[in-house]
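> These protein sequence lines are chains A and B, in that order.
For the first sequence, the residue numbers in the working numbering are 38 to 354.
For the second sequence, the residue numbers in the working numbering are 155 to 457.
It is worth saying that the hints were derived from the structure and are not from the lab.
A quick note: this is a predicted structure, and the numbers were derived from the prediction, not measured.
Don't take each hint at face value.
[To be verified] For the chain A half of the interface with chain B, some residues (derived, Cβ under 7 Å), not all of them:
(1) G162
(2) P164
(3) G172
(4) S175
(5) V183
(6) T319
(7) V331
(8) I332
(9) L335
(10) A337
[What the hints assert, rightly or not] Coverage of chain B stretches by chain A, computed from C-beta distances (three or more under 8 Å per stretch; other residues unrestricted):
(11) 280-294
(12) 345-355
(13) 424-438
Ideal Cβ placement from N, Cα and C applies to all residues, glycine included.
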Amino acid sequence: MTRFLLRRFLLAIFTLFALSVLIFFATHVLPGDVAKKILGNFADADAIKQLNKELGTDRPIPVQYANWLGDAARGDLGQSLIYQESVTSKIGTALGSSWKLALLAFVMVVPTSIFGGVVAALRRGKPSDKIITIGSLSAAVIPEFVWAVVFIVVFGVRLKWLPVSARAPDGANVFTQLKHLILPALCLVMVLFGYIARITRAGVVEALDADYTRTARLKGLSNRMVINKHVLRNALTPTIAVTATQIGYLLGGLVAVESAFGYNGFGLLLLESVKGKDFPLTQACVMFIGVVYVITTLLADVIYTLLNPRIRQAVLA
Amino acid sequence: MTSVVNDAQVNGAPASDGRMRAEQEAKSRRNERIRFLLKKPSFIIGSIISLFWLACAFFGEAIAPQDPFVQDPINKLKEPYGAHWFGTDNLGRDVFSRVIVGARLIVLVALAATIISAVLGTILGLVAGYYKGKVDEVIMRTADVFMSVPTIVLALLITSSVSSKSMWVVILIIALVFTPIVARTARASVLGEAELDYVAAATLRTEKTPHILFKEVLPNVLPSLLVEFTVRLGYAIFAIATLSFLGTGVSPESPDWGTQVATHRGFLNGLNVSATLFPALAIASLSIGVNLLQDALSEAFER
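Next comes chain A alone, as it looks inside the complex (with noise of 0.2 Å):
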């Protein structure tokens, strides 16, 4: 087992290295002239050559990835270009206000998705299953944006029992902050709820279709223990490696809803920096999100292989 973890440890390593690669060349190779970029076609040579020799871009690519790694490994990831601020401060306040929504957005489909799962395969081929997974998977692919349009439509200026604004005035009590947040959070949950409540649903499929819940029932068991004892407890293992990936994606799915909900956040500040041509802002929002991806990967992985007999054993074997 020692070797599978350590072997997934090097490949999450390996991984991270080749994303940071892939950024630094999206951020400095591909737009040609850096400076010239962030200043503009019409700009000043002088100011362009200038520029070039602050942000360092002026030398070769592979000593400014080195420099840029180096820095990054003792955590300078630089100054933002739009905000002159560094750039790990400006990602530490965002994340600051982000948390709150992301935590909402968790606490709220976490529960609710994998209770909707279990029902839907203790209810195979009947309606509330057909209703609740395609309804479920339906909602999943519609974007985030036009959830937020819908929410603020119905709940906000028709019926008018939420803020449209994620924003809550200053100095406001944590209840008026939730309440600003919930609209937010809920358009994450549609895109949530799908994917979480499928592999639930796949999982307990699989676990009451098994010799051993057979087994269980053919011994007299109730089925409410059954349920409980074994389908479950077998069928959430893989639940919650999907659940650990979708956090990244939380990530991601942050762009569009704080700036749907004009809520600021690190979403918002990766759709900032990218408008302005922030790229050392852009790259470490980026890389950011990629490392928590595979972090949350790998601990899934590892909790997955720890909690599955079965797994484990081949992993010895």
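Start from chain A and add chain B according to the hints.
Same frame as chain A, but now just chain B:
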């Protein structure tokens, strides 16, 4: 005298009988799948929605009741009334006609991007699954990297450093991001096939590798690739709509749903709902249509 001998005598070669029977079997399996699909409500509804938007994409101007570009500033931002079924936008243009014509950009960009990634991804996946070893390792690790960041974020990263905002840039970005993911699916289905007898038989007949891959293996993995195609098409629509909503997609002179939503959402607070809501609902209907198709196809092929 049995019919097998009879056939063999008529055709002069016993080998062709086996092939004919295999072809017939494949044909009847195909017919059975088509019958199954035609009985599925999700397939029917999904097809109707998708074909409707496809028709709008190609013949939008002919279908739209009014000129989508004609401005009428006096009657701007009206909710639906009279001849304006979906109301008018911030310049007094007919929202209904703009939604109809707006299908073009998203449908064509999504189709083009998905087709490119499907072709490239299939070739890469076939090669990876057949040769295994180093080639396979390289392609799959590349897929890992592309999948470690959400599509929309990768697209944002690349758009930030490309100045041109032409349709082709968005098409190529989405195609680039999807190719390794399609390759992964193609590879997975080829891995199972490569062990089968017909591949060994073809190898023994000293068929060339391209022939084995594209004439023997490809037809057998086509169903799962078709399902993957519809999955990717759905994600492409998702990504393209989001990019144009964020203002980083194609900057079109022609109407575009995502842009329409972005332009008019400021009016949601009391001024006007229709100019934002209807393009948003158009995106939702297209996404659902493609998803229903995908759902029906995967059920038909993976039974």
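> Confirm or reject each hint.
A quick look at each hint next to the structure:
1. G162: 12 Å, violated
2. P164: Hint violated; A:P164 Cβ to chain B Cβ min 12 Å, cut 7 Å.
3. G172: Violated - the Cβ of A:G172 stays beyond 7 Å from chain B, reaching only about 10 Å at its closest.
4. S175: For A:S175, the interface hint holds, since the closest Cβ of chain B sits about 5 Å away, which is under 7 Å.
5. V183: 5 Å, holds
6. T319: With a minimum Cβ separation of about 5 Å from chain B (threshold 7 Å), the hint on A:T319 holds.
7. V331: Holds. Min distance 6 Å.
8. I332: 10 Å, violated
9. L335: A:L335 check fails; min Cβ-Cβ to chain B is 11 Å, beyond 7 Å.
10. A337: With Cβ-Cβ at 13 Å, over 7 Å, it is violated.
11. 280-294: violated (count 0)
12. 345-355: violated (count 0)
13. 424-438: Per the Cβ count (8), the hint holds.
Of the numbered hints stated above, those contradicted by the structure are hints 1, 2, 3, 8, 9, 10, 11, 12, listed in ascending order.
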